[in-house]
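Protein sequence lines, in the order shown, are assigned to chains B and S. For what it's worth, the numbering used here labels the leading residue of the first sequence as 1, then goes sequentially. For what it's worth, the numbering used here labels the leading residue of the second sequence as 1, then goes sequentially.
The hints are simulated quantities; they were obtained by calculation from the structure and are not laboratory data. All C-beta atoms in this analysis are idealised placements derived from N, C-alpha and C, irrespective of residue type, glycine included. Check each hint, because a few of them may be wrong.
[Unchecked claim] Label-pair distances were calculated between CB atoms; the ranges are:
hint: 1; chain 1: S; residue 1: 100; chain 2: B; residue 2: 100; range: 33 to 41 Å
hint: 2; chain 1: B; residue 1: 212; chain 2: S; residue 2: 97; range: 25 to 33 Å
hint: 3; chain 1: S; residue 1: 230; chain 2: B; residue 2: 87; range: 29 to 37 Å
There are 2 protein chains.
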Amino acid sequence: MQENQFQNVTTNNLPLPERVAEQISQLIITRNLKSGDKLPNEFELGSLLNVGRGSIREAVKILVARNILVIQRGKGTFIANNPGQVSDPLGFEFYKDQLKLAKDLLEVRMEIEPWVAQLAAERATDEDIANIKRICGEVEADILEKRDHLPNDNRFHIAIADCTHNDVVPKLIPVITYAVGLFGSLNGTKLLAATISGHRNIVDAIAAHDPAMARKTMAEHLEQNRKSIMEAVNTRTDKDESEK
Amino acid sequence: MQENQFQNVTTNNLPLPERVAEQISQLIITRNLKSGDKLPNEFELGSLLNVGRGSIREAVKILVARNILVIQRGKGTFIANNPGQVSDPLGFEFYKDQLKLAKDLLEVRMEIEPWVAQLAAERATDEDIANIKRICGEVEADILEKRDHLPNDNRFHIAIADCTHNDVVPKLIPVITYAVGLFGSLNGTKLLAATISGHRNIVDAIAAHDPAMARKTMAEHLEQNRKSIMEAVNTRTDKDESEK
Numbered sequence: 001m002q003e004n005q006f007q008n009v010t011t012n013n014l015p016l017p018e019r020v021a022e023q024i025s026q027l028i029i030t031r032n033l034k035s036g037d038k039l040p041n042e043f044e045l046g047s048l049l050n051v052g053r054g055s056i057r058e059a060v061k062i063l064v065a066r067n068i069l070v071i072q073r074g075k076g077t078f079i080a081n082n083p084g085q086v087s088d089p090l091g092f093e094f095y096k097d098q099l100k101l102a103k104d105l106l107e108v109r110m111e112i113e114p115w116v117a118q119l120a121a122e123r124a125t126d127e128d129i130a131n132i133k134r135i136c137g138e139v140e141a142d143i144l145e146k147r148d149h150l151p152n153d154n155r156f157h158i159a160i161a162d163c164t165h166n167d168v169v170p171k172l173i174p175v176i177t178y179a180v181g182l183f184g185s186l187n188g189t190k191l192l193a194a195t196i197s198g199h200r201n202i203v204d205a206i207a208a209h210d211p212a213m214a215r216k217t218m219a220e221h222l223e224q225n226r227k228s229i230m231e232a233v234n235t236r237t238d239k240d241e242s243e244k
Numbered sequence: 001m002q003e004n005q006f007q008n009v010t011t012n013n014l015p016l017p018e019r020v021a022e023q024i025s026q027l028i029i030t031r032n033l034k035s036g037d038k039l040p041n042e043f044e045l046g047s048l049l050n051v052g053r054g055s056i057r058e059a060v061k062i063l064v065a066r067n068i069l070v071i072q073r074g075k076g077t078f079i080a081n082n083p084g085q086v087s088d089p090l091g092f093e094f095y096k097d098q099l100k101l102a103k104d105l106l107e108v109r110m111e112i113e114p115w116v117a118q119l120a121a122e123r124a125t126d127e128d129i130a131n132i133k134r135i136c137g138e139v140e141a142d143i144l145e146k147r148d149h150l151p152n153d154n155r156f157h158i159a160i161a162d163c164t165h166n167d168v169v170p171k172l173i174p175v176i177t178y179a180v181g182l183f184g185s186l187n188g189t190k191l192l193a194a195t196i197s198g199h200r201n202i203v204d205a206i207a208a209h210d211p212a213m214a215r216k217t218m219a220e221h222l223e224q225n226r227k228s229i230m231e232a233v234n235t236r237t238d239k240d241e242s243e244k
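Bound conformation, chain B alone (with noise of 0.2 Å):
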């Protein structure tokens, strides 16, 4: 069963290196290479694919610019972490009005977030909750030493979708909180304590394992971000408005 599962991949109308790319590809679901795996050498995966080096070497650049492969100088190229996945993999920053972008975002996270942190409270493991606890704390450290907590605010809610064992939610995640360019500040003291003290209430919610109070409480935490968003939306229009 699993030897045949991807076979029926029609690749006959793309140019040679793309065609590579997709037995190699293939080529690491069959054999089962992982994360950090060394993938066979040039020599051999000509051989193998039986086309040149010179189609290998580019076919091996067109997985590397799509995550799946990682070439380190000198020692050869390797499985990447999470291959296939790249940053901003639905071309949000190509999108003309990020304005709308940003609100439609927010539509999408108030649906699927507060879900997620209910099955968070159903479903986390001991382990679960003493990580995003660590995690949360991590979070408290940046803001009040006044580093820059947003990479590990992320890191916070991915630890929640973690905590669904529901393979799928925590690769949607960081896609659906993909920082729009718009806001830089939006570090008002404020929001900074709301975020702590709402990082907070959804920990312990998770923690009791209480779905209805996860999904509230992250539903109040992402409403905060919203009308913290919308204030610096608004505050921005008006000085657009006032330089034309």
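Position chain S against the provided structure of chain B, taking the given hints into account.
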């Protein structure tokens, strides 16, 4: 405001072709180039970015691999349709346990798609409704004439997402409707008949601007799919067991 919002990308640690690729992406955004627009030629890009044509060419290959650019032989290099969107952007094909992936994807779909149908019923214009009716008819024609209906079936679900007028939702739907390679034969007569009536019920609810009914009929449609997939999985699992 528009010009500066993406300048804070830190790319200094990346290899030169990656940095040039990032700069070309920024150029596409700041020049407001749209799908189908022509990219400046290698010579012009080289002068603009102060790098050699070899680096430009490598950068263009990276951007082609990421579906940001497309090369039309003899014509030039153009901005792709839906720039930055790749197929399988979350790397689902590299998941080891495709059965768990199928179950997890369904869990996510059953949360998101009824909500999407509800929003669609609230917001659909007459034009939107005409569009989903047309595609619904195309799916039925495929089924009745025994063609593969899945491409139009996917278009149907995306067209419902378009009715929300949320720009994120129609991009998210193709990600979560990723077809796991495990299930070849979901084309039983019973399921196909259920697909036709399920789709019609959804269309009727959206056309009637009945959000509660749209949510309910979409949930029923997905539940029907879930049952069929689980039956197919169990049949396969039994078969695998008996082959051991």
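Hint by hint, where does the structure go against what was stated? Just the numbers, ascending. none
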